[in-house]
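S.K.: Chains as they are written, first to last, in this note's numbering: chain A, 7 to 200; chain B, 140 to 537.
The hints are simulated quantities; they were obtained by calculation from the structure and are not laboratory data.
Since the structure is predicted, the reported quantities are computational estimates derived from the model, not experimental observations.
One or more hints might be untrue.
[To be verified] Here are the simulated distance ranges between beta carbons: (1) B:N355 / A:T127: 41 to 47 Å; (2) B:E175 / A:A179: 31 to 37 Å; (3) B:E175 / A:I37: 26 to 32 Å; (4) A:I37 / B:Q254: 53 to 59 Å; (5) B:F174 / A:N122: 38 to 44 Å; (6) B:T255 / A:I47: 44 to 50 Å; (7) B:I402 / A:S110: 51 to 57 Å.
We put the beta carbon where it would ideally sit given N, CA and C, even for glycine.
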Amino acid sequence: MIQLKNLFLCLGLLFCQISLNAQAKSTQPSISVAYLGQVFIQPGVKVSSHFNLKTWPAESEQVKKVKHLFISPQLGYYAWPGNNFNLLANVEIGYQRQKTGRNSFSSLSLGLGYLNTFQITSIVYDQSDGSIDRINRKRKAFFLPTINYEFGKSINNRLSWYNKYALGLKLSAAEERTMLIFFELGLRFNINQE
Amino acid sequence: MTRKNFIKNLITLGAATPLMTSLFTSCNRSGFDFFEDFEVNFNGNVLIIGAGAAGLIAGHILNRYNIDFQILEASSVFGGRVKKIEDFSDFPIDLGAEWIHTEPSILGKLLNDPQTDLKTDAIVYNPQTIHLWKNNKLKKRNIFSSFYSEHKFKNSTWYDFFDQYIVPGISDKIVYNSPVTEIDYNSNKVKVQSQDGEIREADKVILTVPLTILQNNFINFLPALPSEKTEALNQVSMPDGIKVFIEFSERFYPDILLFGNIIEALRDESKIFYDAAFQKDSDRNILGLFNVGDSAAAYTSLNTEQEIIDKIIGELDEIFDGKASQTYQKHIIQNWSKEPFISGSYSHYDDYDALETLAQSINDKIYFAGEAYSSDSQATVHGAGETAYKVTEQILKG
């Protein structure tokens, strides 16, 4: 598990380095704001940036396509009210296909995240009025590799909506691995777009 | 709609969210509304039959309104299906009702005392390792930890709540070892006869005995119970129930071990092995078995405790490659099916019309309270307490 931890740390640093380079070089960066739901119903929010590392056109007989290799650093928050809240730092590297004629796009990506869970262990209730006297929490940290599928459509040159589904594995040396399912629905703003 | 029905409906709707009650019951910082005071139009006396959760809460309310009452308890202790053991481990263990199936502030609401110093430390019971034994294979189903959450006591028990905050005010009104054999409601006063032959008279009776006592005709009613009541009684079951706690020298088990279909197992909660020391700040490895329903009969029908524990250890050995017998230290068994004056677990309804029929009072003289009569929270301690509030209010309002 320690070897796995080191591998994830190296990968995380590598992703960060690529992100920083991409940020400096990318001509079409974008920023996204999305509703983030763990198993759909543990609500949260995610802010992402999106940088194309490489772009190449691919023209078929029917539709014009543009392909991108992209990197996307992200920060997320989601909560299970009364149970826990979670902070997520994540980087995704993926491949996107954009149908320029239909203004639609889809992508497949792999992510590596660092998840901090603040779990409520117990709650002390004052029974004279039912109010909460004290909440005891425990912080737990996990690596979170994910596989993600996203699709969306451009509304105009600057704005598009997207829907993303992600399967992740919560990994820690101290606990058994647990699968997480994320749902995302958001808006993406293209910066530097005329 | 009961909690179980609510869960059932969610699954039927394909929401796949079988135990998300806590999602909708977030940390409530604003507290609760107390049961409202009302004008009392009753100055008679009341006999409460049964010193379980409903009977004790009913006594607690009547005491507050200075009503003359007595509680007749068949056994030598109060609590009914609320029971604990103090010295088995380094934390008290509920041998009966254990989970708080709603917001833990319900205790304050049941106590209904703005001056109380009661503070309840409640565990957020969200097991992280959920394993399933199916087709002779042990499978990890930890993904369900994202759905399943309830509350439990941290350093106390349901029994402690009654022992410390309900019973002290009414202890002199409880008559132990007085199983009721006959209730005669022919005349204005209800005559209640106990096993020792003593007859007590009361203007009103609150009957809080388990359903099995009525189903097995342990109490003779004069006149007989109305036919719609007896028909409704036949539509309800109170199946077998058992709880077992085993200490091991090592921990080899998950937070929860379920059997069969995972959705059904989580919905029915009929047989689970669980880490009883979960979040208890304990160094001990205490595994609990909670089993109600038909599958519980496999244990409850055995003749001796040794046969029961041998069967359980054998099952655990099969699942965990012999680790149970290698690390076994001690156990305690609470066989609710063989508990005198209880004879089962808790009520199971297929037809909720039957519940409404059973909950109706007879001739405004005999009232029914207990978990079996709770339309919202059947099979729970707080459900039993809420029915006690309901019937005492009916009596006192006149």
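S.K.: The structure should be examined with respect to each hint, and the outcome stated for every one.
M.R.: Checked hints:
no.	hint	in the structure
1	B:N355 / A:T127: 41 to 47 Å	holds (43 Å)
2	B:E175 / A:A179: 31 to 37 Å	violated (53 Å)
3	B:E175 / A:I37: 26 to 32 Å	violated (53 Å)
4	A:I37 / B:Q254: 53 to 59 Å	holds (55 Å)
5	B:F174 / A:N122: 38 to 44 Å	holds (41 Å)
6	B:T255 / A:I47: 44 to 50 Å	violated (35 Å)
7	B:I402 / A:S110: 51 to 57 Å	violated (36 Å)
The structure fails hints 2, 3, 6, 7 (numbered hints given earlier, in ascending order).
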